[in-house]
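The listed protein sequences correspond, in order, to chains C and Y. Reminder that position 236 of the first sequence reads as 236 in this note's numbering, one-by-one numbering, no gaps. Reminder that position 308 of the second sequence reads as 308 in this note's numbering, one-by-one numbering, no gaps.
A few of these clues could be false.
Where chains are identical, the list cannot tell them apart; a pair therefore holds if satisfied intra-copy or between any two copies.
What the hints assert, rightly or not - Distance condition first, Cα-Cα at most 25 Å in a straight line; then the derived SDA-like pairs of lysine to any residue: (1) K259 with H116; (2) K211 with E38; (3) K7 with G181; (4) K259 with Q19; (5) K7 with S57; (6) K7 with L328; (7) K259 with D316; (8) K7 with S327; (9) K259 with D228; (10) K259 with A24; (11) K200 with D228; (12) K7 with Y273; (13) K7 with V54; (14) K211 with A257; (15) K7 with S218; (16) K7 with G53; (17) K7 with D228; (18) K259 with L328.
For the record, the hints were derived by calculation from the structure and aren't laboratory data.
Spelled out, the chains give:
2 protein chains.
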Amino acid sequence: MVEQLVKEIGEQGLLARLQRFCPAEIVGDDAAVISYQEPGQSLVVTTDVLVDGVHFSDRTTSPEDAGWRAAAANLSDLAAMGASPLGITVGLGVTGDTTVSWVEQIYQGLSDCVNHYNTDIVGGDVCRSPVNTLAITAFGQVSPQHTLRRSAAQPGEAIVVTGVHGASRSGLELLLNPELGQHLSDTERRELIQAHQRPKPRLDVLPILWKVIEFQPSISPAGMDSSDGLADAVLQICRASGVGAELDYSSLPFPPALKQLVSSQTALEWVLYGGEDFELVLCLPPLLAEALVAQLGGASAIVGTITTGTDVRLRDASGVYPDEILSLRRGFQHF
Amino acid sequence: MVEQLVKEIGEQGLLARLQRFCPAEIVGDDAAVISYQEPGQSLVVTTDVLVDGVHFSDRTTSPEDAGWRAAAANLSDLAAMGASPLGITVGLGVTGDTTVSWVEQIYQGLSDCVNHYNTDIVGGDVCRSPVNTLAITAFGQVSPQHTLRRSAAQPGEAIVVTGVHGASRSGLELLLNPELGQHLSDTERRELIQAHQRPKPRLDVLPILWKVIEFQPSISPAGMDSSDGLADAVLQICRASGVGAELDYSSLPFPPALKQLVSSQTALEWVLYGGEDFELVLCLPPLLAEALVAQLGGASAIVGTITTGTDVRLRDASGVYPDEILSLRRGFQHF
Chain C
1 MVEQLVKEIG EQGLLARLQR FCPAEIVGDD AAVISYQEPG QSLVVTTDVL
51 VDGVHFSDRT TSPEDAGWRA AAANLSDLAA MGASPLGITV GLGVTGDTTV
101 SWVEQIYQGL SDCVNHYNTD IVGGDVCRSP VNTLAITAFG QVSPQHTLRR
151 SAAQPGEAIV VTGVHGASRS GLELLLNPEL GQHLSDTERR ELIQAHQRPK
201 PRLDVLPILW KVIEFQPSIS PAGMDSSDGL ADAVLQICRA SGVGAELDYS
251 SLPFPPALKQ LVSSQTALEW VLYGGEDFEL VLCLPPLLAE ALVAQLGGAS
301 AIVGTITTGT DVRLRDASGV YPDEILSLRR GFQHF
Chain Y
1 MVEQLVKEIG EQGLLARLQR FCPAEIVGDD AAVISYQEPG QSLVVTTDVL
51 VDGVHFSDRT TSPEDAGWRA AAANLSDLAA MGASPLGITV GLGVTGDTTV
101 SWVEQIYQGL SDCVNHYNTD IVGGDVCRSP VNTLAITAFG QVSPQHTLRR
151 SAAQPGEAIV VTGVHGASRS GLELLLNPEL GQHLSDTERR ELIQAHQRPK
201 PRLDVLPILW KVIEFQPSIS PAGMDSSDGL ADAVLQICRA SGVGAELDYS
251 SLPFPPALKQ LVSSQTALEW VLYGGEDFEL VLCLPPLLAE ALVAQLGGAS
301 AIVGTITTGT DVRLRDASGV YPDEILSLRR GFQHF
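Taking the hints into account, I'd like the entire structure generated from these sequences.
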């Protein structure tokens with residue numbers, strides 16, 4: 001079967017094909033109208049641009065997965081602010097030689113992800129471009145007292161992470177080099193690859209967090225997501241709050257299979273700098289942090305403490321590894 | 001002076017340079033938080049993707065103008081829904097060899113436009129791309145009874161346009177072929193070029209429209225903007241409303257200089273299909289339409305009537321031109 005190309009159906013034809021991914025009542029006007037804000041809530045908005053060959057590639061990522069990941073990254077930014085989603089818009093630039101089915105698969109992945117989190121694609125634009133490009137804007141709502149700010153961390157607070165880190169990076173490696181990790185079980189391989197292809201924004205953490213701090217109205221937890229890595233999240237929170245942090249090596253939540261896959265030094269690099277795990281990193285008074293971890297279960301953990309000063313140190317209580325001062329320079333710098 | 005390139009300052013460096021275009025209280029977290037919605041309002045969202053060489057070009061458009069036009073197009077989509085703006089987000093894909101100053105000029109144009117309409121750039125993303133790409137999402141608020149829908153037109157209503165059409169297309173022609181229109185006055189040339197480079201979304205029309213229909217709570221005007229041309233706007237409204245229309249040739253608001261610039265046939269083409277004038281096309285009971293035009297003044301005009309049936313006809317009462325049935329196929333189809 002010959003695949004239909006975008007240039008054969010044109011912009012209007014493509015838009016018509018994509019409308020089935022959007023709620024019917026929202027399609028067909030100049031802009032989407034969304035009427036379900038709750039009173040007293042603030043609007044939260046975040047945006048991302050993803051470019052073929054830079055942020056996604058058919059080599060490691062099916063179009064469905066690229067769509068899912070793009071939506072997940074934006075929903076994770078909402079979760080990082082404490083916000084629940086109201087919808088996303090999708091701007092798509094495509095070459096004329098792109099197949100219609102590729103575009104539909106991108107939208108399928110996007111809509112699978114947003115529908116999983118009870119929200120919708122509420123608007124979009126498609127246009128011709130020399131390179132396939134995806135621009136996602138997500139918006140949500142948050143009540144002012146539940147807004148998670150990077151700048152709210154206080155010395156003495158415990159640092160909570162909501163799950164394992166380094167799993168997405170490991171999954172990418174298994175996709176790029178399938179000969180690696182032959183001694184992992186099928187389940188272990190699948191879980192790591194799934195962590196890369198279908199990351200889960202932690203919107204589910206928010207109601208649990210609000211429940212834990214329910215009777216402490218003066219608490220405003222600091223937080224962000226770990227999309228650029230665990231080290232980046234801690235460093236950004238510390239920089240925004242004017243504080244330091246001490247992380248405990250033995251508390252870092254490694255994926256169980258990671259130390260079988262690579263050296264312990266590489267495993268540590270991936271946990272700290274791998275990125276794209278889309279967990280939340282939250283700072284709370286120690287008792288509340290313990291209550292949160294008890295409620296969340298899974299691989300959630302207290303990984304360290306906010307300190308005075310500005311350094312972010314990684315310490316190994318067992319004394320095997322030397323102390324290390326973490327810096328943003330180990331993370332990604334694009335261009 | 002050697003111009004600094006994007007690849008020399010990196011993604012973080014570029015973001016830091018662009019933060020001055022955003023309100024300080026909004027910068028530096030995972031997403032923007034906007035707390036100034038009014039109760040009972042709906043959220044309105046629209047998005048556009050613009051690609052270098054497809055939607056803008058240094059040949060006819062300075063980076064400041066490209067930025068202004070991108071913001072104006074999105075604010076116009078809000079106006080087309082009856083919504084007032086709450087902010088825009090800007091997603092920017094740029095090649096490493098783009099100058100930092102080009103990017104800053106794009107942002108200058110974007111922020112000049114949104115600031116002119118009392119709103120802000122509230123979030124953004126920059127990333128590397130093989131082609132310079134601008135993805136704008138605008139969001140605003142509208143009260144449900146003031147939402148302008150394409151689908152609300154009724155037979156017997158008058159069709160109001162808020163200003164001249166064909167001016168942007170004429171300005172583009174003057175930029176592409178500066179030898180044209182030598183007999184136009186400097187003011188005439190400047191106004192046409194300005195219409196192309198600095199189009200004005202008609203957010204100013206909305207409070208006047210609400211005032212005119214203030215004591216008619218059962219009226220819900222149909223409307224959209226004429227970004228894809230006057231013919232397109234009328235055809236889209238008719239299609240969405242299941243009605244037809246009759247337009248009167250002698251009522252169409254031509255820019256005064258247009259008939260001196262090109263043949264009357266070309267002038268008519270540009271008025272109907274030129275696009276990017278960003279006026280509003282509104283359908284209202286005749287008496288209210290007359291009141292609106294009286295209040296708006298300028299080149300606003302009643303250009304025709306909504307009819308039963310589905311055809312959109314252009315008639316010349318003077319009998320010089322034959323009747324014509326307008327169709328979307330005369331408009332733009334990208335790819």
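Checked hints:
1. K259 with H116: neither (32 Å within a copy, 56 Å between copies)
2. K211 with E38: Answer is within: at 19 Å inside a copy they meet the 25 Å cutoff, but 28 Å across does not.
3. K7 with G181: Neither, since 42 Å and 36 Å both go past 25 Å.
4. K259 with Q19: neither (45 Å within a copy, 41 Å between copies)
5. K7 with S57: both (21 Å within a copy, 22 Å between copies)
6. K7 with L328: between (43 Å within a copy, 18 Å between copies)
7. K259 with D316: Within one copy only: 17 Å inside, 80 Å across.
8. K7 with S327: between (47 Å within a copy, 21 Å between copies)
9. K259 with D228: Within one copy only: 21 Å inside a chain, 58 Å across chains, cut-off 25 Å.
10. K259 with A24: For K259 and A24, the Cα distance exceeds 25 Å both inside one copy (48 Å) and across copies (43 Å).
11. K200 with D228: Answer is within: at 15 Å inside a copy they meet the 25 Å cutoff, but 39 Å across does not.
12. K7 with Y273: between (41 Å within a copy, 22 Å between copies)
13. K7 with V54: This pair counts as both: shortest intra-copy Cα distance 24 Å, inter-copy 15 Å.
14. K211 with A257: Neither. Shortest intra-copy (33 Å) and inter-copy (67 Å) distances fail the 25 Å Cα cut-off.
15. K7 with S218: neither (57 Å within a copy, 44 Å between copies)
16. K7 with G53: Close inside one copy (21 Å) and across copies (17 Å); limit 25 Å.
17. K7 with D228: between (36 Å within a copy, 20 Å between copies)
18. K259 with L328: within (24 Å within a copy, 61 Å between copies)
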